[in-house]
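As given, the protein sequences belong to chains A and B, one line each in that order.
Residues 0 to 131 in numbering that gives the first Met the number 0 are what the first sequence lists, from first letter to last.
Residues 0 to 132 in numbering that gives the first Met the number 0 are what the second sequence lists, from first letter to last.
Calculated directly from the structure, the hints in this document are not laboratory data.
In this text, all values refer to a predicted model and were calculated from it rather than measured experimentally.
From the three backbone atoms N, C-alpha and C, an ideal C-beta is built for every residue, glycine too.
Some hints here could point you the wrong way.
As the list claims (entries may be wrong) - Subject to a maximum C-alpha distance of 30 Å in a straight line, what follows is the list of computed BS3-like cross-link-like pairs (lysine-lysine):
no., chain 1, residue 1, chain 2, residue 2
1, B, K43, B, K100
2, B, K111, A, K114
3, B, K89, B, K43
4, B, K111, B, K100
5, A, K114, B, K43
6, A, K114, B, K100
7, B, K89, B, K100
8, B, K89, B, K113
9, B, K113, B, K100
10, B, K111, B, K43
11, B, K113, A, K83
12, A, K114, B, K89
13, A, K114, B, K113
14, B, K111, B, K89
To be verified - To be clear about the criterion: a stretch of chain A counts as covered by chain B if any three or more of its residues have a C-beta under 8 Å from a C-beta of chain B, and this derived list gives those stretches:
no., stretch
15, 64-77
16, 81-93
Single-letter residue listing:
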Amino acid sequence: MHTTCLHNLMAAASTDKAAPAAEVASAAQPALLAVATIGVGILVVGMLLCLYRMIRGPHLADRVLAGDTMAMLVAGLVVVLAVKYSTSMFYDAALVVAILGFASTVAFSQYMGAKHKTSDRPDPADTAEVGP
Amino acid sequence: MTMQLFFDILAIGFLLAGLFFMFVGALGVVRLPDAYHRLHAASKCSTLGLMGLVAAAMCHVGTLDVMTKSIAVVLFAFVATPVGSHMLAKAAHRDGAEQWKDTLSDELAEDKAKSAEDDEAPGSKKKARHRAA
Numbered sequence: 000m001h002t003t004c005l006h007n008l009m010a011a012a013s014t015d016k017a018a019p020a021a022e023v024a025s026a027a028q029p030a031l032l033a034v035a036t037i038g039v040g041i042l043v044v045g046m047l048l049c050l051y052r053m054i055r056g057p058h059l060a061d062r063v064l065a066g067d068t069m070a071m072l073v074a075g076l077v078v079v080l081a082v083k084y085s086t087s088m089f090y091d092a093a094l095v096v097a098i099l100g101f102a103s104t105v106a107f108s109q110y111m112g113a114k115h116k117t118s119d120r121p122d123p124a125d126t127a128e129v130g131p
Numbered sequence: 000m001t002m003q004l005f006f007d008i009l010a011i012g013f014l015l016a017g018l019f020f021m022f023v024g025a026l027g028v029v030r031l032p033d034a035y036h037r038l039h040a041a042s043k044c045s046t047l048g049l050m051g052l053v054a055a056a057m058c059h060v061g062t063l064d065v066m067t068k069s070i071a072v073v074l075f076a077f078v079a080t081p082v083g084s085h086m087l088a089k090a091a092h093r094d095g096a097e098q099w100k101d102t103l104s105d106e107l108a109e110d111k112a113k114s115a116e117d118d119e120a121p122g123s124k125k126k127a128r129h130r131a132a
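With the rest of the complex left out, here is chain B:
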């Protein structure tokens, strides 16, 4: 009984934390200024929020199938969400999603321009040096 009480209080704590992160993620998706900021809010907060809610379910229900499926959900979310948001950010940058007006630097565009001009002007020389070496 007292063990159940302890786990229920723990579940309330995890549930409140998960709901907080979920709501902050959704609010960031609406309020932040451009697509990259929104990706930041969405990926981090949805991962942490899902982890909190799943931990609450583990504490409250606590049977074997809930435990295994919770571990599967958390592992999948921790692997898949950063990969998906990275792919989405890269595709948005390639597709030319506009940035916030106060963005300080765009290093991917600088790298792309630099590699393009390396390919343009001294590319043959570099390739010749590579072949000689």
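The following block holds chain A by itself, in its conformation from the complex:
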């Protein structure tokens, strides 16, 4: 009882202090915070699904695309956390994670293509047909 009274008092004091400083607290703020909190859980569940595909995937392409999707989910999680705490500290992390996901996808696809090219076509004669 005392703690709830203290909590209400602190909440009132904080809103009194925060409201004239910058009008960040609108009526839809609690709903937005709830949606962001649920969204963190949804993105974590999506990451677990991608982890399942990354472990279980029958081909290397399945694992690579699961990693790419997981990188996009991590970038989205960073953005959702930026919404939840209404700050801009994490935005560089979103950009960096997106760039790293793209770079790893390109590197793995080059690896897959190059592996097949060296193993299946030992002679470069039929690929050198295209001339002017």
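For chain A, the structure is supplied; the task is to place chain B on it using the hints.
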């Protein structure tokens, strides 16, 4: 105040749309039958989902650095994700990832076979005609 309320409601809408697309993309990565279907789900849904979440952050936070970094993230995702998934699909096809049993056509394999047999049998004649022309 009412402007802030409007932008927060807009941010809730964008956030729900982005979370929906993100979750559907992850679910498609697990549930779809082969690697090409999974690439379809992953690339489209992660691009749209990231765009929705970034639009929500633009509506809610709305400072200058968040705006510029959001535009950078969205532009990069829109350029990089189709390129990356195209490269990955091509590499998977070259590496021989098996297809779904009900796949109707494989036009890249048909084109490759056709160009290979063009190179095999009448290749010299075609090259001679090219040189003559």
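Structure-based check of each hint:
Note on B/K43 and B/K100: the hinted pairing holds, with a Cα-Cα distance of about 23 Å set against a maximum of 30 Å. About 18 Å separates the Cα atoms of B/K111 and A/K114, which keeps this hinted pair within 30 Å; it holds. For the suggested pair B/K89 and B/K43, the alpha carbons sit about 17 Å apart, so the restraint of at most 30 Å is met. A threshold of 30 Å between alpha carbons decides the hint, and for B/K111 with B/K100 the separation of about 21 Å falls inside it, so the pair holds.
Restraint check for A/K114 and B/K43: the C-alpha separation of about 28 Å stays at or below 30 Å, so the hint holds. Straight-line distance between C-alpha atoms of A/K114 and B/K100 comes to about 26 Å, which keeps the hinted pair within the 30 Å bound. Between B/K89 and B/K100 the alpha-carbon distance is near 19 Å, which keeps this suggested pair within the 30 Å criterion. As the CA atoms of B/K89 and B/K113 are separated by approximately 18 Å, the hinted pair is consistent with the 30 Å bound.
Only pairs whose Cα atoms come within 30 Å are accepted, and B/K113 paired with B/K100 is accepted, the gap being roughly 23 Å. Between the alpha carbons of B/K111 and B/K43 the distance comes to roughly 27 Å, so the proposed pair stays at or under 30 Å and holds. In summary, the hint linking B/K113 to A/K83 is not supported, as the alpha carbons are separated by about 56 Å, beyond the 30 Å threshold. Of the supplied pair hints, the one linking A/K114 and B/K89 holds, its CA atoms being roughly 13 Å apart against a limit of 30 Å.
The straight-line distance between the Cα atoms of A/K114 and B/K113 is roughly 23 Å, inside the 30 Å bound, and the hint therefore holds. For the proposed pair B/K111 and B/K89, the alpha carbon gap of about 12 Å is at most 30 Å, so the pair holds. Here the stretch 64-77 of chain A counts 8 residues with a CB under 8 Å from a CB of chain B, which clears the bar of 3, and the coverage holds. Coverage of a stretch by a chain is defined here by at least three residues with a beta carbon nearer than 8 Å to that chain's beta carbons; for the stretch 81-93 of chain A and chain B the count is 8, and the condition holds.
The structure fails to meet hint 11 from the earlier list, while all remaining hints are met.
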